[in-house]
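2 protein chains.
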Amino acid sequence: MAQIIADRRDIDFVLYEQLNIEQLSKHERFAEFNKKTVDMVVTEARNLAIKEILPTRKIGDEEGCRFEGGKVTVPESFHKVYELFREGEWVAMTEAAEWGGQGMPVSVALAAGEYFNGANYAFVMYPGLTLGAGKLVETFGTEKQKKLYLKKMYTGEWGGTMLLTEPQAGSDVGALTTVAVKNDDGTYSITGNKIFISSGEHDLVENIIHPVLARIEGAPAGTKGISLFLVPKIWVNDDGSFGEFNDVVCTGIEEKMGIHGNATCSLTLGGKGKCRGTLLGQENKGMSAMFLMMNEARLLVGMQGFSCASASYLNALNYARERVQGKNLLLQMSDPTSPSVRIIEHPDVKRQLLTMKAYIEGMRSLLYYVGFCEDKVKITDSAEEKVKYQGMIDVLIPLAKGYVTDRAFDVCSQGIQVYGGYGYIREYPQEQLLRDCRITMIYEGSNGIQAMDLLGRKLRLNGGKAVMDLLGEAQKTIAVAKEIDGLGDLATRLENAVGKLSDVGIRMGKTAMSFKAMNAFAFAYPFMEVCGDVVMAWMLLWRAAVAAPKLEKLVGSNDFWERRAEIEKNKNAAFYEGQLKSAEFFIHSILPITMGKMEAVMDSNSAVVDILDASFGG
Amino acid sequence: MAQIIADRRDIDFVLYEQLNIEQLSKHERFAEFNKKTVDMVVTEARNLAIKEILPTRKIGDEEGCRFEGGKVTVPESFHKVYELFREGEWVAMTEAAEWGGQGMPVSVALAAGEYFNGANYAFVMYPGLTLGAGKLVETFGTEKQKKLYLKKMYTGEWGGTMLLTEPQAGSDVGALTTVAVKNDDGTYSITGNKIFISSGEHDLVENIIHPVLARIEGAPAGTKGISLFLVPKIWVNDDGSFGEFNDVVCTGIEEKMGIHGNATCSLTLGGKGKCRGTLLGQENKGMSAMFLMMNEARLLVGMQGFSCASASYLNALNYARERVQGKNLLLQMSDPTSPSVRIIEHPDVKRQLLTMKAYIEGMRSLLYYVGFCEDKVKITDSAEEKVKYQGMIDVLIPLAKGYVTDRAFDVCSQGIQVYGGYGYIREYPQEQLLRDCRITMIYEGSNGIQAMDLLGRKLRLNGGKAVMDLLGEAQKTIAVAKEIDGLGDLATRLENAVGKLSDVGIRMGKTAMSFKAMNAFAFAYPFMEVCGDVVMAWMLLWRAAVAAPKLEKLVGSNDFWERRAEIEKNKNAAFYEGQLKSAEFFIHSILPITMGKMEAVMDSNSAVVDILDASFGG
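Taken in order, these protein sequences are the chains called X and L. Using our numbering, read the first sequence as starting at 21 and increasing by one per residue. Using our numbering, read the second sequence as starting at 21 and increasing by one per residue.
Calculated from the structure, these hints are not laboratory results. Since the structure is predicted, the reported quantities are computational estimates derived from the model, not experimental observations. One or more hints might be untrue.
Said to hold, decoys possible - Derived list of chain L stretches under chain X, where covered just means 3 residues or more per stretch with a C-beta under 8 Å from a C-beta of chain X:
| hint | region |
| --- | --- |
| 1 | 393-406 |
| 2 | 436-447 |
To be verified - Cβ-to-Cβ under 8 Å is the rule here; a few derived chain X residues that face chain L:
| hint | residue |
| --- | --- |
| 3 | 167 |
| 4 | 272 |
| 5 | 275 |
| 6 | 337 |
| 7 | 349 |
| 8 | 356 |
| 9 | 357 |
| 10 | 359 |
| 11 | 619 |
| 12 | 627 |
| 13 | 631 |
| 14 | 636 |
Beta carbons: idealized from backbone N, C-alpha and C, even for Gly.
Use the sequences and the hints to build the structure in full.
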C-alpha cells in the first residue's frame, strides 16, 4: 500500500528520463540538487506524506473545521502533522535560503508536492496559502515588510492567506468594494467584507498575514484602481513584537462539498473602524502583482486536482487487482464453470484503468514540464531562451490548471466507478477524492476563465511566438519518434493533429479579434480542451520515445508471446511497455475524438451566441 | 421559483407535441387519460413535489438516516411527506386498480415521476423500491401471495426492497451464497448476508416485504441455480394478521457520498436460524424474474439521474439570469466603463447552459419515448408491432440507464460550474444534486454492465432487427426534417451519423462474436456513448421538426433582428426557437465529436486488451 498516493517509478521517469533534470545541477543555482539529493528529497516527502499526512485525510474530512465565536478550529490531527511539516522545512521549498526557503528546483518541489497534496491537500492548503502570501511579500515588499514577516511565513511559524473575493466580486475582481484610506502614519485603514478565504482563520499558527485587495479612496473604478495591502491578524511592531489584535473578524466558515479540513472563511475588515494595513507594492498596481503570482498559484491548483486523480488511479488499480468478480469473457463462452477472475482482467475495467493511466501520465509530464521550464527561466543566461521558456509557461498554465483539473475530476469519477458500489461509500477513499477535487475546477480562476485566458491572451502572446515555440517543441518530439521502430504511425497521427490544431488556433485567434469575437469565445472552452488533448498526446509520445529504446535493450524476443513473458518478468521492461501502451491508447482511441472536436471548433456554429435568453426555458 | 425541478412547458411539449400521447386515450385501457386528466395528474404531482417533497431534500441530506440497535430512522420530515404521497396514491401509478394502482400510461407516470425524483429522490426511493418489489409479487406471485401482500404494498402501507448484492457478489450476481432450505410446511429457511439494500429497513412503514435472491440447497452454481423468495420483516399469517418478527436483522447502514436520506442497509437473514420465506415464482428461475423487471428498474434509475440534472439545469439557469458579474466582451473593448451584466450574457456561460439544455431535452425525450413504447406494447393488437416496440425498448434501456446517467452527472457538474464558488457550498443545491446523482451510474447494473448488455445482447436482438427498427424510426424523422425549411442541413448531418453508426454497429457485432471478442468489449463503452449521442441528436431533430412549423406560424418576419424581437415577445415562439437552437447546437458542436469517437471505435486499437497487468504500474 506504500504506493497509494503517487507512482514513484513514474515520478522518477519524468524527472530523470523524460526531463533529465540532472542537467539543472550543472548550474550554480541548483548545484546541490544532484540525483542523490533529489532522490532523498522525494523519499522524505513520500515518507512524511504516507506515514503522517495520509492518515489525516479521512479523519479531517469527517471532523471538518469548527467555527465558534470568531475562532476556527482545524481537525485535531492536523496540529501534529503541521509541526512535522514545519520541522521538515517543506513550506518554502523553492524559495531563497536567506528567508527560510530551500532553494529547490520547481520540478523537484512538484514531486514532493504531489505526495503532500495527494495525501491530504485540504491540510497542505494551510502552508500552501502561507507560501503564496509570502511570495507576494518577497516580491513586492519593502525591506521592512520582508524583515517583519517573511521568515516567519516561509518557516510556517505564521500563516498567510489571500483576500480577494467579495460576494459581488468573484471572477470579476474589478468589482470589489473594499476601501483603504491612508492614515497620517502611512498605514491604511481598511473596510470591507471578503469571502471564500481558504485558511483565512485557524488555530495552527499564532499570527496570520492577510494580503488584501482593496481600492484606495478615490482610485479609478475597475481593476486599474486596485491596490494590495498587508493586514496582519495581530499587529507586528517595528521591533517584531506583537501589538494589538487587528480589526479582522471571521464571521463564519462555509459548509462545503469537500476539503472539509480546510477552513473557507468570511472575514470582515474594519467592522469597528480599526483595521490597519500597510501598502504592499505600488498604489493601484494590486492586480498586476496578483498576475505575477498567478502562474504559480494556478500550477499549484493543477497539482492539487492532479494529485487527487493520481491517488484515485492507484487505489482503483489496487482494487481491480484484488477484487474477484465475474468470469473471463472468452473462457465463459466455452466453459460456464470457469473460475471468477480479478476485475483487472475484464476488458471494460482495463479500458477504465488505461484511460486513467494515460491521463495521469500525460498530466504529470505536463505539470512537471511547466516546473522544469520555470527552472530553465531561472538559470538560463540567454535572454532569448528566457523569453521562450516564459512564453511556453504562460501558454501552458491555463492547460495545467483548466484542462488538468477537468481531466482530474473525470479520473476521480472513473476511480469511483472501478470500485462499483464501494466507490460511493465513505469507508473507501474514492468518493472523498472526487469531492475534494471538484473545487479545483472553480477556484484560482474558474476553468472558463482559463479558457478565455488561453484564447484571449496566450494565443497572441509575443505575437503568437509563444504558441509556435510550444508546437515547435512538440514537432521535435515527433521528429525523434518517427525514427523509432514502432512509433512512426503514432508520430504521424500526432503530426496531423498538431497541424490541424495550428489551423484551428489561427482561425480562433482571428475570430477572437474580429466583430465575431463572441462567437470565438463561445468556443474558447472546447478550444482549451483540444489544446490540452494534443499536449497530452505529445507528452505521451515523448514518454514512449524515451521508453522504446530502453525496452528494446531489456527484451530480446520478437515473438509476441515470448516477448510478453519476458516483459512480465522484468519490472523495468513492464514499465516501459506501459509507456508504449499509454501512447498507443491515447493516440488511437482518444485523439480521433479530439480531431472531431476540432471540426466542431472550426465550424464555430453560432447557436450559442444567437440563442435568446427567453429560449432557454425555465 | 416554481419551475425549479422540471420545465413544465418542455414536459408538455414532449407529451403532447412530440409523442402525441393523447392517442393513447383512444384505447380502452387508457380511455380516462385524456389531455385534461393528464394535465391534472402532472399538475398535482408538481404541486406535491414543489410544496412538500422539495423542502425535504436539503434537510434530508443533512440529517441523514440513523442506525441504532438494528432500527433505522429516516429524516424526521420524511414521515409527513410519505403520508401525503400515499394519500395521493402515487406509489403504483401504472399498476392495475384492482391491487391499488392507478392504471396510468407509463409516459404520464414518468412526467409525475420526474417531479417527484427531482424534488428528492432519496425520499422517493422508499415508495420506489416498494413498487419494484410489488411488481415482482404481481408478476410471479401466487394468488395467496398477492392477496397477502400486494395491495398493502401498492398503497404504500407496507414497504418493499430487493435483496440481491452480497459482499462478494455485486455485478456477478451468480456468485451469491445465500442459501434456502425447504421446510416441511412449504416455506423456506433462508441464511445469508445481503448488503447495499436501499430502503432495507426504516420507520416509515410497519412491515417491509423483502424479495430475496438465494440458492436452494443443491441447486446448480451460477445464475441458473438462483431462486427468488419473499421474506417479510414481520410474518403475515394466512388471515392477514401479523405473526412474529422474522429473523431479518439490519446490521448497519452505509455512510455514503449522497442520497443520505435513503437508508442503504446490510441485512443478515437467519442469523438465529429462524428466517422464513416463501418461494416467489419457480425454483431456479430467480434470475429470469429479475431480468423481466430490469427494464423498468433501469428506466427508473435513468429518471433519477436525469431529474437531478434537470433540477441542476434550471437552478443554473435561474442563477445565470440573476447573477451580475463581468462586462459584455464586445462593449468592454470600446468602453471599459460599460456596466456589469448578468452572466447569462457571457458566451462561455451560454455555452454551458445550451449544452445542459440540449442534453436535458434529449434525455427527457428519450426517457419518455421509452415509456411511450411501453404504453404502445400494452395497447397494440398487432403482434408484430408489439415485438417491434418491445425490441426498441430493449435496445434503448442500456442508453436510458447507462448513457443518461453519465450525461446527467456531467450536467450536474456543469450546474455546479455555472454557480462558481457558490456551486461548491452546501448553502446552494448544486453540490448535493451531483452527489445524489453519482450513484445512478453504479447501481441497477453499473454503466459498464449497460454497455456490455448493449453490445453483447441488444445489438443482435431479434437477429439485429430491433436495432434496425430503431434506426428506421430515426430515418423517418430525418425524412420529415429534410422537407422542413432550415432543417435540411441538420437532417443530412444526422443521416451521415446514422449511416456511420450502422457501419460501426455491424463491425462491433461481428467482432463481439469472434475470437477478437475481448477487443470488441474493450470498446463497448464508447460504443454505448456514440449510440447515445446519435439518439440524442435524433430526439433533438425530432423536436426541431415539430417546433419549426409552429414557429413559422407565430413569427412573420424574415429579417434577423425583427424576427428576434418578435420571438422575444412571444413565450411559445421563444420556446420553439429554443428547440431549433438545441438541435443546431448539438448537431453542429457535439455530433462531430461523436463522429471522431466512431472513428476510434472502428479502429478498435488493441492496447487495452494487450497491456499487461504489470505495465499498469502502482
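Status of the hints after comparison with the structure:
{"no.": "1", "hint": "393-406", "in the structure": "violated (count 0)"}
{"no.": "2", "hint": "436-447", "in the structure": "holds (count 9)"}
{"no.": "3", "hint": "167", "in the structure": "35 Å, violated"}
{"no.": "4", "hint": "272", "in the structure": "11 Å, violated"}
{"no.": "5", "hint": "275", "in the structure": "4 Å, holds"}
{"no.": "6", "hint": "337", "in the structure": "5 Å, holds"}
{"no.": "7", "hint": "349", "in the structure": "6 Å, holds"}
{"no.": "8", "hint": "356", "in the structure": "6 Å, holds"}
{"no.": "9", "hint": "357", "in the structure": "7 Å, holds"}
{"no.": "10", "hint": "359", "in the structure": "11 Å, violated"}
{"no.": "11", "hint": "619", "in the structure": "4 Å, holds"}
{"no.": "12", "hint": "627", "in the structure": "4 Å, holds"}
{"no.": "13", "hint": "631", "in the structure": "4 Å, holds"}
{"no.": "14", "hint": "636", "in the structure": "6 Å, holds"}
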